[in-house]
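Numbering (full-length UniProt numbering) for the sequence shown: 1 to 475.
There's no promise every hint is true.
Claimed, not checked - Ranges of calculated distance between the beta carbons of each label pair, as one might list FRET restraints:
1) His-413 - Asn-392: 38 to 46 Å
2) His-413 - Gly-361: 26 to 34 Å
3) Pro-199 - Glu-42: 27 to 35 Å
4) Gly-375 - Asp-201: 25 to 33 Å
5) Pro-199 - Lys-30: 37 to 45 Å
In case anyone wonders, no lab produced these hints; they're calculated from the structure. Since the structure is predicted, the reported quantities are computational estimates derived from the model, not experimental observations. For glycine and all other residues, C-beta sits at the position ideal for the given N, C-alpha and C.
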Amino acid sequence: MSSNEELQNTNTEERFDFKKEEKSAFQTEKGLTEETVRVISEDKGEPEWMLKRRLRALHQFQAMPMPTDWPGQPDLSEVNIAEIVPYIRPDVDVRAGVDDWTELPDEIKDTFDKLGIPEAEKNALSGVGAQYESEVVYQNMQERWEEKGVIFCNMDEAVQEHEEIVKEHFMTKCVPPSDNKFAALHGAVWSGGSFVYVPEDVTVEMPVQAYFRMNSEGMGQFEHTLIVAEDGAEVHYIEGCSAPKYSAFNLHSGGVEVFVGEDAHVQYSTVQNWSKNTYNLNTKRALCEAGGRMEWISGSMGSKATMLYPSTVLKGPRASDNHITIAFAGEGQNIDTGAKVYHNAPETKSTIESKSVSKDGGRTNYRGLVHIADGAENSSTSVECDALMFDNESTSDTMPYMEINESKVDVAHEATVGKIGDEDVFYLQSRGLDDDDAKQMIVSGFIEPITEELPIEYAVELNRLVELEMEGSLG
Numbered sequence: 001m002s003s004n005e006e007l008q009n010t011n012t013e014e015r016f017d018f019k020k021e022e023k024s025a026f027q028t029e030k031g032l033t034e035e036t037v038r039v040i041s042e043d044k045g046e047p048e049w050m051l052k053r054r055l056r057a058l059h060q061f062q063a064m065p066m067p068t069d070w071p072g073q074p075d076l077s078e079v080n081i082a083e084i085v086p087y088i089r090p091d092v093d094v095r096a097g098v099d100d101w102t103e104l105p106d107e108i109k110d111t112f113d114k115l116g117i118p119e120a121e122k123n124a125l126s127g128v129g130a131q132y133e134s135e136v137v138y139q140n141m142q143e144r145w146e147e148k149g150v151i152f153c154n155m156d157e158a159v160q161e162h163e164e165i166v167k168e169h170f171m172t173k174c175v176p177p178s179d180n181k182f183a184a185l186h187g188a189v190w191s192g193g194s195f196v197y198v199p200e201d202v203t204v205e206m207p208v209q210a211y212f213r214m215n216s217e218g219m220g221q222f223e224h225t226l227i228v229a230e231d232g233a234e235v236h237y238i239e240g241c242s243a244p245k246y247s248a249f250n251l252h253s254g255g256v257e258v259f260v261g262e263d264a265h266v267q268y269s270t271v272q273n274w275s276k277n278t279y280n281l282n283t284k285r286a287l288c289e290a291g292g293r294m295e296w297i298s299g300s301m302g303s304k305a306t307m308l309y310p311s312t313v314l315k316g317p318r319a320s321d322n323h324i325t326i327a328f329a330g331e332g333q334n335i336d337t338g339a340k341v342y343h344n345a346p347e348t349k350s351t352i353e354s355k356s357v358s359k360d361g362g363r364t365n366y367r368g369l370v371h372i373a374d375g376a377e378n379s380s381t382s383v384e385c386d387a388l389m390f391d392n393e394s395t396s397d398t399m400p401y402m403e404i405n406e407s408k409v410d411v412a413h414e415a416t417v418g419k420i421g422d423e424d425v426f427y428l429q430s431r432g433l434d435d436d437d438a439k440q441m442i443v444s445g446f447i448e449p450i451t452e453e454l455p456i457e458y459a460v461e462l463n464r465l466v467e468l469e470m471e472g473s474l475g
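Can you make the complete structure from the sequences, with help from the hints?
Pasting the structure below:
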């Protein structure tokens with residue numbers, strides 16, 4: 001049986017909605033204080049400059065109000081940082097993570113076995129990083145890429161071993177802590193995550209993947225991803241996320257910074273399947289030089305509330321950006337996603353394609369910004385938002401915002417909202433499908449233009465997750 005057939009036959013609900021006994025080597029108290037930040041930095045043995053950046057971010061976080069005045073934004077009143085454990089170091093002997101799955105404790109190894117990560121590494125990946133709670137516990141890269149100068153390691157190791165690159169790029173030019181309150185929170189307590197460096201003119205032909213798993217109740221996960229693709233380089237980074245359901249809320253507030261050199265190409269794909277007690281509040285941004293190409297492909301579901309708007313700054317002529325997003329909201333879920341693109345140079349191009357599905361009173365929203373600066377002549381942008389609703393209780397909104405400061409540009413926006421038609425369901429039932437299967441087929445066809453852009457393993461997984469969301473089985 002092939003790996004694709006095995007994935008299709010896997011019990012997806014069982015893979016994600018399981019829990020392990022909570023074990024840790026060290027964890028902080030609940031809440032966020034200067035002492036907490038110092039303890040995290042000391043436990044990691046960080047250099048003084050990183051501690052200073054953490055403390056500066058903490059002070060910015062404390063000075064900023066919670067975002068409450070965005071039209072139609074998710075309710076964040078339950079997000080109480082004083083009730084979150086910001087740092088849990090799992091009970092693993094090797095702090096930097098092991099490079100052999102068999103060296104992990106059984107309960108952690110079993111977690112990633114269930115998620116299928118070792119199997120995916122064997123069949124389709126150049127390298128894998130796996131984070132459990134606040135620390136990366138496994139990290140490996142194929143030797144042939146290391147010989148070409150490619151670096152794929154966890155961020156804690158990168159701070160120690162690749163200090164100058166990290167010091168130059170970490171939350172300086174791309175996502176400064178002053179960007180928003182949750183970026184500041186992330187800057188204060190970040191832990192784990194991935195560092196990817198691809199030298200000039202090197203193409204990494206197979207994707208690298210990182211997987212982030214929250215297991216403990218009432219914790220926050222704050223991994224940081226830093227990708228640097230030098231001029232002419234090419235890499236595809238894939239990210240997966242999940243957490244079991246608990247009664248207390250969990251918080252995910254990751255940070256992603258991508259630097260795309262001249263004529264370089266970076267694709268960033270993520271399938272996020274948080275449980276319905278998780279608030280998912282990320283900050284992701286790319287800086288794209290002349291001729292560079294950035295692609296974001298995102299599938300978001302499962303969380304109680306998501307606010308996620310990957311953004312790209314097109315800095316040089318002929319730079320381009322492509323955003324593709326799928327959002328699914330069921331009962332009690334508010335999935336607020338979108339994209340931001342800043343055209344700061346002439347002859348730049350961007351496309352945004354958003355598809356959302358809502359059922360049982362769930363809410364989806366596209367919230368986006370396209371900015372074309374004065375002087376960015378001959379730039380073009382196209383935004384397309386399609387929403388599918390199952391019932392009269394569900395809602396879907398589109399909030400595009402365009403700032404066009406140059407006349408010689410091409411701008412297009414299209415939005416459609418519709419319900420699953422009784423005629424479509426009846427036709428499929430006449431072909432032998434029951435009501436649920438008919439609706440699932442309609443949704444699969446609706447999102448197919450996006451899933452076909454994903455590697456096959458992730459496309460299969462995303463379709464399976466959507467099926468479970470339709471059944472109300474997840475979270």
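Hints, one by one, checked against the model:
1. His-413 - Asn-392: 38 to 46 Å: violated (26 Å)
2. His-413 - Gly-361: 26 to 34 Å: With Cβ atoms ~28 Å apart, the hint holds.
3. Pro-199 - Glu-42: 27 to 35 Å: holds (33 Å)
4. Gly-375 - Asp-201: 25 to 33 Å: Check passed, 30 Å falls within 25 to 33 Å.
5. Pro-199 - Lys-30: 37 to 45 Å: Taking Cβ atoms as reference, Pro-199 and Lys-30 lie about 43 Å apart, which means the hint holds.
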